[in-house]
Every structure is written in structure tokens, then in C-alpha cells.
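Residue numbers (the numbering used here), protein chains in the order written: chain D, 16 to 416; chain A, -13 to 225.
These are calculated hints, taken from the structure and not from any lab test.
Just so you know, even glycine gets a beta-carbon here, dropped at the ideal spot from N, CA and C.
Errors might be hidden in some of the hints.
[Claimed, not checked] Calculated Cβ distances over 12 Å to all of chain A for the following chain D residues:
id : residue
1  : W18
2  : L37
3  : E156
4  : A390
[Stated by the list, open to error] If you anchor each label on the Cβ, the simulated ranges turn out as follows:
id : chain 1 : residue 1 : chain 2 : residue 2 : range
5  : D       : I17       : A       : R17       : 41 to 49 Å
6  : A       : A111      : D       : L25       : 17 to 25 Å
7  : D       : R335      : A       : R170      : 41 to 49 Å
8  : D       : D411      : A       : A10       : 17 to 25 Å
9  : A       : R184      : D       : R335      : 37 to 45 Å
10 : A       : H154      : D       : D411      : 25 to 33 Å
11 : D       : L25       : A       : R170      : 35 to 43 Å
[Said to hold, decoys possible] Here's a subset of chain A near chain D, in silico, CB distances under 8 Å, partners left out:
id : residue
12 : N44
13 : R77
14 : R92
15 : G107
16 : H131
17 : D198
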Amino acid sequence: MIWNTLLLALRAIRRNLLRSFLTILGIVIGVAAVITMVTLGDGATKAVSDQIASLGTNLLTVRPGQRLAGFGFLGAPAFKLDDADALRAQISGIRVVAPTVNRSVTVVSGANNWATSITGSSLDYFSAGNWKLAGGRYFNESEEHAGKAVCVIGDTIRRELFGSQNPVGGEIRVKQFSCEVIGLLAAKGQSAMGTDQDDTIVMPLRTVQRRLTGNTDVRALMVSVRDEVSTDKVKKQIEQLMRERRRLTESEDNNFTVFDTRQIAETLTGTIKVMTMLLGAVAAVSLLVGGIGIMNIMLVSVTERTREIGIRLAIGALEREVLLQFLIESVVLSAFGGLVGITVAVAASAGLAYLMQVPFLFNPGINLLAFLFAAAIGVIFGFFPARRAAHLNPIDALRHE
Amino acid sequence: MNESAQPEPLIRLAAITKSYGQGAAAFQALRGVDLEIAAGEFVAIMGPSGSGKSTVMNILGCLDTPTAGSYRYDGVQVEKLSRNQRALLRRNYLGFVFQGFNLLARTTALENVELPLLYRGEPAAARHAASREALRAVGLKGWEHHTPGELSGGQQQRVAIARAIVTHPTVLLADEPTGNLDTRTSHEIMELITRLNRDRGITVLMVTHEHDIAACAQRTVHFKDGRVERDTANAGSAR
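Here chain D stands alone, though its shape is the one from the complex:
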């Protein structure tokens, strides 16, 4: 009996190709939209958290001036090297402190030149910023102390100045001095803010101070906090210590700012999550619209189907046989639509993830959820009008207008 009923259901699908197609289409669009949106959102969240992780976790950056743009920044005195020593010595939760200065310059190697930013810092900079070497070495303590003209370059600098050649051992010209490339940093890619992290050159702090800035100022202190210590606590300790060192009275505001990378990261990930939810909501609406489409098609065909059910009952079909047929019909259509929808969604989100340069993460939960929802809509609106019709007296079903 089940085979004959399956045959009847498949025949009914074939007989109404347009209706079957529209039903499937509604499910496909709904399922594909939800899955694609959520998958891309997941990918974007992953991309952002990866980038944040590459910045170095538990990282605090201390800069002179207030965060408020245009106020206090100019008047705020820079740090000196002993500020870094004081932080290192007096706050126990700190792992490393890297004092840094920055200078925008044009660097030249052979016939190539490139406008970039040079960072002067200590060896701790690499550990604080979570940098890895792709080749060569970091500068050593004696080079640091002597202010030697050596540098470690980012992957973008290698590409722009050296192309496919090995940069380690090569030379770059920075203004009036030339500098030996001793190391190449492993690529990190874009930062969460969209800047190229690999577009960087790192030299010993003293080298930059002597040859480029001409003073002993330190523009920023990068503070890496021990894993087990709360960054908030260290941040407060830094603020207190710096206030003392900069001799600020009770009534004065900080003339420096402590940025917490993780806070920025959390804000950004939070934003992306909200975006994903928003996209998911939009997609859920399209699933709903798809569902309403299915509902319309099913309800419009109810008259024809009711008469069809009347005919089937009149020639001796049992109520449960008619119901089984309609159930099979709607399950087949919904499941087929759902599977096509998942296929379309996986293809679309893999393609879009590639274009948007975010990782493609297959999310089984949302696939299952969208599939079940679509299937439920298909079955409910396909099956329940049929159930009502199959329960009528055959003659009433036959006469249905």
C-alpha cells in the first residue's frame, strides 16, 4: 500500500509541475537566504576575532594625551624610557613593556621606494605584539643598546621593495642612512580596523630616536599583561602610577590614555554579532515570506485539491490513504526544496566568503534549523488543508466550489 501511495504522490507532483516548482522555490529561497546570511556572519565574526588575536591579547597601549580628539593632545608631554622601566619595575601583573616611537618615512631599496611607518622599540615589542619571524632574526641587546642601523621588516615591505628576493641581508635606505635587514616578520594581514599590519619596519628604539626623531621621547608604551591577571586591574595601576610620575593633582584629568586591545576587540566582535543577528533576522523574514508563498500556493489549489480528494474518496480511497498521499507529497516537496536550498546556500556562502575574504564556516545548527522550519511550513500547509478535505463527506468534497 505504501508503494502505491508513494506512486500516487509522485504522480500528483508530476501532474502539477508548476505548483510543485513554486512550492520548492519558496522553500529554496527561504532556506538559502537564512543559511547564507548566518554563515557569512559567522565567518565575519571569526575573521575579526582572528585579527584581534593577531594584535596580541592582553595588550594595553599607553599614549600621551586624551582620547578626545583635538584636546590636550598637543600639550601632553611625551613619555621617556624611564617611564617604561618604572611600569616594569612597579607593577607586578605586567609581562613586558615595549616603549615605541613612530615615524612616517619613504624607504628605498634599489629602484623601489615605498612610503611606510617605522617603529622604534625594544625586543619586547615582538612578544607584546604577538609577532613571529618568517626568516632571519630579531635585533639583539647590543644592537639595541648601540642604536645600530638594523631592521626587521613586515611582509608588505618585502613585497614592495624586494619582490621575490630574500630580503634578509639586504639593505634599505631610510632618508640619509642605510639599514641592514636582519629579519622578516610572518604576515598578519589586515587589522580589524582595516589597516595593513604587515606594512611596518621595526628598528631598535635608540636608532630611531637618534637618526629620525632627534630626541629621547617615547610616543607609546605597549604593555603586555600576564594571562592570569585582569587587564582592568593593571590598567588602573598604570593610570595611578602615571599620574604620580606626571605629577597630576587631584583636580587634573589624565594627560595620557590607556587603550585596552581586548576592549576594542570585544566591542568589534559585539558589533559583528549584532550585524549577524540583524542579517539573520532579515533572512528569517525571507524564510517567512517563502513560507507565505508556499501557503498561498497551497490555499489557492485547495479547491482543485478538495475536488480531487472527493474523486479519490468516491472511487474507494480510505481517508488515511488520501492523507498519507498528501503527507508524502508535501514531505517530498519540502525535503527536496530544503536540500536544494542548503546546496545553494553552501555554494553561495562559500563563494561570497571567498570574495569577502572571510573564512567559510559550515554551521550545521542553522542548516538543520532552516531545513526543519521550511519542511514544517511545507508539511503544515500541504497537509492540513488536505486533512480537512479528506474528512468531509465525499459528496461535499466533490461539490466544493
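Please build the complex by placing chain A on the supplied structure of chain D, with the hints as guidance.
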């Protein structure tokens, strides 16, 4: 069952009533119908619109249930049967032909005819053979793969008759089978029905409002106001 001198008729309606609606608005379609039909009979049911002839037909065919009264089919008390048992009665013993044909749209003649056999769970080969044979019997050999939309009204009614007889029913119930057909086609369909009654011994109950169509039957039952008004044998019947 057959204690009386007369054998039990195939169908016996006793005091059948049918009303629609409730209370003051209730409409009495049947007001106590008594009717006996013997196996192998060809009975025409006539009457003006609203006389209850179609209602009695639907009750006889188990498509509808009476409000009160007794319906015995071949010794079985039909009003005591469940929905499913009535469906099985239709499936195994009754065949229907409707005024509006009631074929499945966009479905070939062959598939329409084999539908009742599908519900009877017959294997594919037997189904196909029986359906082709039924179509041949109604003169539609070669039209098996045409859908109702590609067939004339007369041909569609022939497909419907083939569907009704493919299960070898005991009773064929025809509700104005020629109502949608022109005179010439009507006579062809009536010839076919008469032949089925004569050659296969199928009991035929036919509702019509045309006297020349009713004249094909052996007996005519006239309805009026929900009751049997007259029950006459047709002297000049085709038999």
C-alpha cells in the same frame, strides 16, 4: 436472510430521510423513501429539481449519509458501517459516473482508469492490463495516453465509465451521465451503459431528467418533494 418467499433485494431503502441545516431553517431533502432494487436491474430515477433524486443517489452510493432510516446493501446494514467500511464498500462493489465526469486533470486516461485499482493494491501489470481492457470496452482503444483536456466530453465520460467498471462493480451509479453531452453522444453513452447492464449483469441506477434517456431503463422511479411518487416498469425498454 431469505426467510420470506421473495429473495432479499440487493438494495433496500426503508424510511430514509435527509435534512440539511437545523431548526427552522432545516431543509428536508428526503421525507421517507422506501425503495427496493434487485440485482441486475436497470433503474432510472426521475424527478424535478429539488425532488431528492440526487440525494437518494448519493446515499445509495455511500457518498452521503442519511439523517434517519435504514439502508441495507446485500444484507449489510450500511448506516452501521464506519467511514472506512463505507469506503471499502465503494471500492469493491460500487462504480460511479458523474454528470461532470470528475476525472483527474492533467492525468492520462490510463492513469485515471487505474486509480481505483491502485487503491485496491493490485500489482502494476494486472492494473495496466485491466485498465487497457476497460478502455477498450468503452471504445477508447488508442486513447490511453490522452489527458482529459485532450478528449471530447463523450470521450471523457467513456473514461469515467471505464474507471467505474474496471473494478467489476456490482452496482453502477450514474448521476445524470448525459447531462453535459449532446443528443448523439448521449445515445452512444446510453448504449454503452445498457450493454454493461445486459452483458455483464451490472445493476445500474441512473438519475436523469430526460424521458428518452430514462426509457433505456427497465424501470423508472419518479421522485417528488423528497418521496417516491411513482414506480413504473418501462414496457418499451431497450431490453
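Check your understanding: Within 25 to 33 Å or not, the Cβ separation of H154 (chain A) and D411 (chain D)?
Key -> holds, 28 Å
Check your understanding: Going by Cβ atoms only, is R92 (chain A) closer than 8 Å to chain D?
Key -> Holds, about 5 Å.
Check your understanding: Has the hinted range 37 to 45 Å been met by the Cβ atoms of R184 (chain A) and R335 (chain D)?
Key -> The hint (37 to 45 Å, Cβ to Cβ) holds, given that R184 (chain A) and R335 (chain D) are roughly 38 Å apart.
Point to revise | CB-CB spacing for R170 (chain A) and R335 (chain D) relative to the 41 to 49 Å hint | key: holds, 43 Å
Exercise for review: Hint says 41 to 49 Å; check whether the CB-CB distance for I17 (chain D) and R17 (chain A) agrees.
Suggested key: Roughly 46 Å apart at Cβ, these two residues keep to the hinted range, so it holds.
Point to revise | Interface-negative label, A390 (chain D) against chain A, beta-carbon threshold 12 Å | key: With a cut-off of 12 Å, A390 (chain D) remains clear of chain A, as the shortest Cβ separation is near 26 Å.
Check your understanding: Are all C-beta atoms of chain A more than 12 Å from that of L37 (chain D)?
Key -> Since the minimum Cβ distance to chain A is about 16 Å, L37 (chain D) lies beyond 12 Å and the statement holds.
Point to revise | Closest C-beta approach of D198 (chain A) to chain D relative to 8 Å, hint status | key: violated, 27 Å
Check your understanding: Holds or violated: is the Cβ of R77 (chain A) closer than 8 Å to a Cβ in chain D?
Key -> holds, 3 Å
Exercise for review: Using Cβ atoms only, decide whether G107 (chain A) comes closer than 8 Å to chain D, and label the hint accordingly.
Suggested key: Holds. Min distance 6 Å.
**Study point:** Outcome of range test on Cβ distance (D411 (chain D), A10 (chain A); 17 to 25 Å)
**Key:** holds, 23 Å
Point to revise | Range hint 17 to 25 Å (beta carbons of A111 (chain A) and L25 (chain D)) holds or violated | key: Holds: the Cβ-Cβ distance is about 19 Å, inside 17 to 25 Å.
Of the numbered hints stated above, those contradicted by the structure are hints 1, 16, 17, listed in ascending order.
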